[in-house]
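Protein chains: 2
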Amino acid sequence: MEDLKKKILEEGTAIGKDIVKVDGFLNHQIDARFLEKIGREFASRFRDLKIDRILTVEASGIAIAVGTAPFIGYPPVVFAKKAAPNTMKEGFYEAQAKSFTKGTVSRLIVSEKYLNEGENVLILDDFLAYGEASMALAEMIIKSGGKVAGIGAVIEKSFQGGADKLREKGYRVESLAQIEKIEDGVITFK
Amino acid sequence: MEDLKKKILEEGTAIGKDIVKVDGFLNHQIDARFLEKIGREFASRFRDLKIDRILTVEASGIAIAVGTAPFIGYPPVVFAKKAAPNTMKEGFYEAQAKSFTKGTVSRLIVSEKYLNEGENVLILDDFLAYGEASMALAEMIIKSGGKVAGIGAVIEKSFQGGADKLREKGYRVESLAQIEKIEDGVITFK
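So the sequences go chain by chain: S and Z.
For what it's worth, the numbering used here labels the leading residue of the first sequence as 1, then goes sequentially.
For what it's worth, the numbering used here labels the leading residue of the second sequence as 1, then goes sequentially.
What the hints contain is simulated information worked out from the structure, not anything from laboratory work.
Take the hints with a grain of salt, since some may be wrong.
Pairs count within a copy or across copies, as identical chains cannot be separated in the list.
DSS-like mimics (lysine-lysine), calculated; alpha carbons at most 25 Å apart, straight line [stated by the list, open to error]:
1. Lys113 with Lys7
2. Lys181 with Lys6
3. Lys113 with Lys17
4. Lys5 with Lys82
5. Lys21 with Lys113
6. Lys169 with Lys37
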């Protein structure tokens, strides 16, 4: 997605060899107009699929998922929570995911009510790095008896291997921008 | 907003005297079509204001803010984070807010880059209970030299006093549904 690559180069910041900071339009400040372009692009990439539900993870996945839903027929959007709030006492699916950015392991939780047997579920997220979050979401979808329709990421950091790992497992992965390397403040796309 | 009250009664669950659970359409599973109605309603309530920016707090405020932005001219949406990730090392505003649902005190953080002097900032959130989150967001807006244009909540739990407290401080508060009490599993609107 050329618009996105341009925006990453113009507004993003490369930090060290691992981090690209896009908090000016994607995951702290959000450009809601650009979000519609992202939503349209995901809809186009996955247009051959029947999608019953979108699954993402709080917090920065929420805008992506909610911004995409209108372009694929408004399926229910569900976001995995990172801890069980005290209003969530009944059954839930859970899986663990390491957060690269925060350096922590999160316990991801989705209420059993919001993942159903036989559904085709599209996983969406802002970043795809080591693939830990997508793997955890896929695990919960499978536990529920659903099927992973595909995995969409706005920015794939290809060099961290998550996308390849997911593709090797047979998942269809669509990333709107693929970063091959980050070096000396320069971002190189695939 | 009559549609919303109906949806709360039909799909929400009252727990004890304090909690109304709306995780079927608002803060775990999200109904993206209904979100557009919410966005349109906020736009209508605040149509007399010039809004430069929307400020909310992760995680469940994000969908509300992103869903409202298109109806008020796509101002930048910013969400306060509940802890500083390791990509956020430069200056930020911070304020504390007690979370009623999780029984914890959160440290809310917004990068200094995304709140500016002289801006009119609209605060949006899913719930307005004790008003702790809105108060913290307002504090950060004021520190940045901006002005609180108004505070919008999808669901106000009036009996917990936050809305009154904010109105006494001179803020304009618009709640799309106002709950007067929760008792024996019955939700009563104002």
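Here's how the hints hold up against the structure:
1. When the C-alpha separation of Lys113 and Lys7 is checked against a cutoff of 25 Å, the pair qualifies only between copies, where the shortest distance is 17 Å, while the shortest distance within a copy is 38 Å.
2. Taking CA atoms no more than 25 Å apart as the test, Lys181 paired with Lys6 passes inside one copy only; the shortest distance there is 16 Å, against 51 Å between copies.
3. In this homomeric assembly, Lys113 and Lys17 come within 25 Å of each other (Cα to Cα) only across copies, at 24 Å, whereas the closest approach inside a single copy is 41 Å.
4. Taking the shortest Cα distances, Lys5 and Lys82 never come within 25 Å of each other, neither inside one copy (30 Å) nor across copies (29 Å).
5. Taking the shortest alpha-carbon separations for Lys21 and Lys113, only the inter-copy value of 13 Å comes in at or below 25 Å, while the best intra-copy value is 35 Å.
6. In this assembly of identical chains, Lys169 and Lys37 lie within 25 Å of each other by CA distance neither inside one copy nor across copies; the values are 29 Å within and 40 Å between.
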